[in-house]
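Chains A and B, in that order, give the protein sequences.
The first sequence: position 113 = 112 (numbering that gives the first Met the number 0), numbered continuously.
The second sequence: position 192 = 191 (numbering that gives the first Met the number 0), numbered continuously.
Since the hints were made in silico from the structure, they are not lab data.
Please read all numbers here as calculations on a predicted model, not as lab measurements.
In this text, a Cβ means the ideal position worked out from N, Cα and C, and glycines have one as well.
Be aware that one or more of the hints could be misleading.
As the list claims (entries may be wrong) - Residues from chain B that face chain A, not an exhaustive set, calculated with beta carbons under 7 Å:
1. G9
2. T12
3. K16
4. L107
5. R185
6. Q313
Said to hold, decoys possible - These stretches of chain A come out as covered by chain B in the derived footprint (C-beta under 8 Å, 3 or more residues):
7. 54–63
8. 93–100
9. 242–256
10. 298–312
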Amino acid sequence: MNEQQSTTTTPPVIHARGLTRRYGDTAVVDGIDLDIIRGEVFGLLGPNGAGKTTTILMMLGLTEISSGEISVLGFNPAREPLKVKRRVGYLPDAVGFYDQLTATENLAYTGKLMGLPRAERAGRIEQALRRVGLIDVASKRVATFSRGMRQRLGLAEIIMKRAEIAILDEPTSGLDPQATQEFLGLIGELKAEGITVLLSSHMLDQVQRICDRVALFKAGHIVLMGAVPELAVKVLGAGFVVEVEAEGPGIARRLAMIPGVTQVETLSADRFRMTAERDVRPDAARAVVAVDGSLRRLSVDEPSLDTIYARYFQDHSAGGVRHAA
Amino acid sequence: MRREGSPFQGMSTVFVKELADHISSVRMLMLELLIVFTALAALYEAINSLRQNTAEDPFLLLRLFTIDQAPLPSFVAILGFLIPLMAIGLGFDAVNGEHNRRTLSRILAQPIYRDALLMGKFLAALATIGISLAALWLLVIGLGLIFLGVPPGSEEVARSLVFLAVAIFYAGVWLSLAMLLSTVFRSAATAALVSLGIWLFLTVLWPMLAPALAQAVAPADPRYALLGLNDPATAVWTQELLRLSPNDLFEEAMLAVLSPTTRALGPVFLDQLRGAVMGAPLPFGESVMLAWPQTVGLVAGTIVLFAFSYVLFQRQEVRA
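Kindly generate the complete structure, drawing on both the sequences and the hints.
Rendered as structure tokens:
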């Protein structure tokens with residue numbers, strides 16, 4: 000899958016080759032190759048238990064590496080964990096805080112562990128809490144915080160750390176839709192500041208919008224990696240699905256003649272679904288007009304990761320290679 | 000291959016935070032109240048009986064620690080029983096508590112080693128116990144001054160300070176045990192129950208089981224029984240078995256240090272006592288020498304148990 004990597008001259012901030020973690024005989028992470036480029040939002044996606052968290056823990060030097068190599072910002076996390084952990088922020092899955100302490104006190108504790116100088120600490124904490132919108136509850140005990148607030152407090156910790164890489168494990172799981180949107184917005188702000196964001200999730204559709212590139216995990220392997228549209232072309236054979244509702248003679252034939260269209264399905268007498276490599280809506284409209292038909296609706300479905308994932312495993316289980324979960 | 004940086008980076012931060020948590024926690028308050036009230040009751044009885052006793056005693060202050068007036072045991076015996084409870088109370092959820100609160104991976108993602116977290120927690124709990132015991136020690140001396148009106152001699156103060164030091168190491172053994180169990184068991188309740196079980200076994204059941212086991216290992220020679228004497232082999236076995244319990248080590252060390260007339264802690268033959276002036280106190284240095292093996296045993300127990308939890312914690316997976 001290396002051919003999909005963007006051609007950049009800067010070295011990747013996270014670089015893994017043949018990374019493997021075995022517990023006894025079972026490999027939880029099995030020989031994955033990964034290059035994450037500075038400033039991108041990279042998604043580790045896949046079902047629970049596919050090896051996403053273990054991969055993240057190996058990047059932080061929090062679990063042993065059975066074989067293979069990994070470097071984070073040029074450091075080996077197994078040998079120089081402090082250098083890595085000083086530059087990388089981590090928001091664990093279902094992050095916890097000390098309930099009896101306030102939000103500020105919790106951040107002050109980790110701030111001290113990070114070795115932030117006393118003079119800077121208070122300012123950075125306030126700034127971080129303001130960024131995530133928790134400044135009003137800064138002196139409330141964390142015991143009263145909702146799941147979404149805890150998640151944002153975890154993000155405030157990464158902002159306070161001024162991390163170069165933010166690693167977020169399942170940041171949106173268990174959040175209500177509004178909290179999810181707010182959180183995804185905060186991730187977008189991190190990206191805008193040039194922070195590399197690595198996030199893992201099992202909610203493919205939720206995170207696909209903010210990820211520049213994704214890696215789909217399956218039983219310890221990365222089965223697909225790249226930008227979502229690229230993957231769509233590769234797996235679905237097309238990136239776009241356009242639905243046309245129109246009346247007129249020979250529309251189906253006309254639509255099929257548009258360059259870039261790979262398939263036209265006739266759903267009913269006046270409804271057609273086209274799969275195409277690009278957004279062919281203007282061409283479709285012209286085609287309908289050309290036969291003097293009446294165009295009623297023209298819609299495009301962006302390729303969804305769910306579809307890509309499902310289709311990929313459908314194909315492979317049909318071939319008897321793997322079985323889908 | 001050496002790790003980069005110091006394993007103690009961040010330890011003082013963990014220490015200060017844990018110490019503040021312990022001192023302000025309700026749990027610690029309850030444990031302190033329990034100990035202070037029981038100890039005060041024992042002291043009250045001791046003071047009462049000492050006031051009626053007009054005989055000259057060069058170690059009046061030390062008698063406060065050791066005198067037992069039925070139905071209450073002596074101050075030292077009460078501490079021997081309650082210090083483990085306090086140590087277990089502070090240590091049983093040290094590691095699994097972080098797991099269950101899901102703070103462990105977040106804390107370990109900061110630029111510190113696991114060493115700092117475990118050491119900081121251990122030292123903070125030990126310091127909490129040390130502070131409480133020092134306060135209790137001052138209380139005893141103060142009450143002694145007020146109610147007995149006899150200023151303590153320098154040797155009495157020295158002996159009672161040794162008591163304080165040994166008591167802290169005794170607490171250390173139980174604290175290490177509780178922290179070891181908190182590393183082994185993911186559930187804090189299980190760790191607490193197992194620690195309390197071990198505590199009850201060693202303080203209540205073991206003193207009864209040890210003589211029975213000694214009888215089984217080295218049955219008493221009937222010739223000694225005919226003479227109405229204990230078989231020395233059985234007696235030695237009983238004592239060696241009893242010494243497996245930190246409780247017994249603490250009591251023996253305290254006997255040597257706080258009762259200056261104690262000459263030996265094991266069975267003695269009559270001919271070994273030839274020439275001894277019975278009832279004469281040993282010098283301070285000799286008493287400390289007598290208590291030394293027991294003290295070293297307690298220190299060693301603390302270190303060994305801590306080393307086990309250290310190794311286990313280093314190898315443990317951080318993910319919940």
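Evaluation of the provided hints:
1. For G9/B, the suggested interface contact is upheld, since its CB lies about 5 Å from the closest CB of chain A, less than 7 Å.
2. With a cut of 7 Å, the hint placing T12/B at the interface with chain A holds, because the nearest CB-to-CB distance is about 4 Å.
3. With 7 Å as the threshold, the beta carbon of K16/B comes within range of chain A, its nearest partner Cβ sitting at about 5 Å, so the hint holds.
4. Taking 7 Å as the C-beta cut-off, the interface hint given for L107/B holds, the closest approach to chain A being about 6 Å.
5. Contact between R185/B and chain A, as hinted, is not supported at the beta carbon level, the nearest pair being about 14 Å apart and thus beyond 7 Å.
6. The interface hint given for Q313/B is violated, since its Cβ lies 11 Å from the closest Cβ of chain A, which is over the 7 Å cut-off.
7. For the stretch 54–63 of chain A, the stated coverage by chain B holds: 4 residues have a C-beta nearer than 8 Å to a C-beta of that chain, and at least 3 were required.
8. Closer than 8 Å: that is the beta-carbon criterion, and the stretch 93–100 of chain A has 7 residues meeting it against chain B, so the requirement of 3 holds.
9. For the stretch 242–256 of chain A, the stated coverage by chain B is violated: 0 residues have a C-beta nearer than 8 Å to a C-beta of that chain, whereas at least 3 were required.
10. Counting residues of the stretch 298–312 of chain A whose beta-carbon sits less than 8 Å from any beta-carbon of chain B gives 0, not enough to reach three: the coverage restraint is violated.
In terms of the numbered hints stated before, the structure departs from hints 5, 6, 9, 10, listed from lowest to highest.
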